[in-house]
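Chains as they are written, first to last, in our numbering: chain D, 27 to 128; chain P, 57 to 247.
A couple of the hints might just be wrong.
Said to hold, decoys possible - Facing chain P, a subset of chain D residues (Cβ under 7 angstroms, in silico):
| hint | residue |
| --- | --- |
| 1 | Ala40 |
| 2 | Arg52 |
| 3 | Val57 |
| 4 | Leu82 |
| 5 | Asp86 |
| 6 | Tyr90 |
| 7 | Leu99 |
| 8 | Phe107 |
| 9 | Val110 |
| 10 | Pro113 |
| 11 | Leu115 |
Unchecked claim - Just the calculated beta-carbon pair ranges, DEER-fashion:
| hint | chain 1 | residue 1 | chain 2 | residue 2 | range |
| --- | --- | --- | --- | --- | --- |
| 12 | D | Ile79 | P | His240 | 24 to 30 angstroms |
| 13 | P | Leu206 | D | Ile79 | 44 to 50 angstroms |
| 14 | P | Gln175 | D | Pro113 | 14 to 20 angstroms |
If you're looking for bench data, these hints aren't it; they were derived computationally from the structure.
All C-beta atoms, glycine included, are put in the ideal place defined by N, C-alpha and C.
Listed below are the residues making up each chain.
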Amino acid sequence: MSTDIATGIPESAARLRRSAVARRSRRALAVLLLGPLTILAGLVWAVAQPYRIVFLERADRGLYDYLVQPPLLVGLVGVVFALVVAPGLVEDLESEGDGSEA
Amino acid sequence: MAPRPEIAHWLTGSVCLLLGLVLLSEALVGTSVFRRRAWRAYLWPAIALGGGVLLWVIVVFSTFSPMHLLAHAVWAQAAMIVGALQFAVVRGKLTSPRWSLVTSGALFLSGLAFILHEQNPWLYSRSAFLHHAIGWVVAVAALFPLAEALRPRAAVWRAAFALTFVVVAVLLYADRDLAPIFGHLSDAATR
Chain D
27 MSTDIATGIP
37 ESAARLRRSA
47 VARRSRRALA
57 VLLLGPLTIL
67 AGLVWAVAQP
77 YRIVFLERAD
87 RGLYDYLVQP
97 PLLVGLVGVV
107 FALVVAPGLV
117 EDLESEGDGS
127 EA
Chain P
57 MAPRPEIAHW
67 LTGSVCLLLG
77 LVLLSEALVG
87 TSVFRRRAWR
97 AYLWPAIALG
107 GGVLLWVIVV
117 FSTFSPMHLL
127 AHAVWAQAAM
137 IVGALQFAVV
147 RGKLTSPRWS
157 LVTSGALFLS
167 GLAFILHEQN
177 PWLYSRSAFL
187 HHAIGWVVAV
197 AALFPLAEAL
207 RPRAAVWRAA
217 FALTFVVVAV
227 LLYADRDLAP
237 IFGHLSDAAT
247 R
């Protein structure tokens with residue numbers, strides 16, 4: 027191939043591509059962090075108010091009191107998001123980036 | 057056995073939190089990426105519609121107070137209308153961004169229902185405080201879909217709409233059937 031035809035990538039285009047990749051990876055990181063941060067919020071809440079974790083107290087309470095407590099629910103929502111929603115979303119975000127760069 | 061109101065509120069808070077995270081992730085990655093998988097595209101309409109159906113179940117158990125019954129019926133209806141609307145948007149049957157006005161109206165109506173059905177003042181009890189707070193948060197949040205209808209490309213409105221559900225979830229998690237708020241608890245509230 028003649029080097030007269032195949033020229034280098036213009037600097038501005040390369041910069042734009044780099045910033046697009048950086049923006050995409052920041053978004054992917056943000057999506058990946060949503061779940062763990064929610065789980066962390068649940069853990070912090072459980073430490074701050076341990077009496078809400080009824081099964082640790084061995085108290086004689088109803089099933090709802092054992093299972094349906096806010097720190098547990100927050101942690102559960104975080105786990106569901108982190109395992110079910112986030113991975114596929116990041117995969118699609120990255121594959122879109124590959125597609126647009128090709 | 058029917059759960060206590062605070063437990064129903066905590067479960068509703070969990071649905072709101074999940075919805076908030078889902079909508080926030082959509083705002084982060086953009087709608088085109090988010091809707092690439094069909095199940096994900098239908099998540100928000102399905103949660104809204106399913107939440108509406110569950111709220112009708114609460115309506116059935118809210119016979120102790122006509123105000124509670126009416127308020128829960130308004131929320132159930134609003135959630136089902138928004139869910140059906142979002143299904144049509146995802147299916148491509150509705151394309152105009154102006155359809156966000158329906159979501160805005162439903163949120164405003166829901167906020168009003170929160171404020172109006174709480175007859176006690178803000179510091180009567182924690183539950184009364186939270187009802188007032190959630191009502192105003194939801195009523196003001198009606199501005200976000202309104203803004204999205206007028207400026208559909210601004211992602212900030214979608215993010216603000218998503219964060220509204222996270223805030224509502226935090227407020228619902230803070231609910232107790234009987235608890236003081238900032239050291240205040242009306243004597244009448246102990247009945």
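#### Entry: Violated hints, by number in ascending order, as checked against the structure
Result: hints 1, 2, 4, 5, 9, 10, 14 break, sorted rising.
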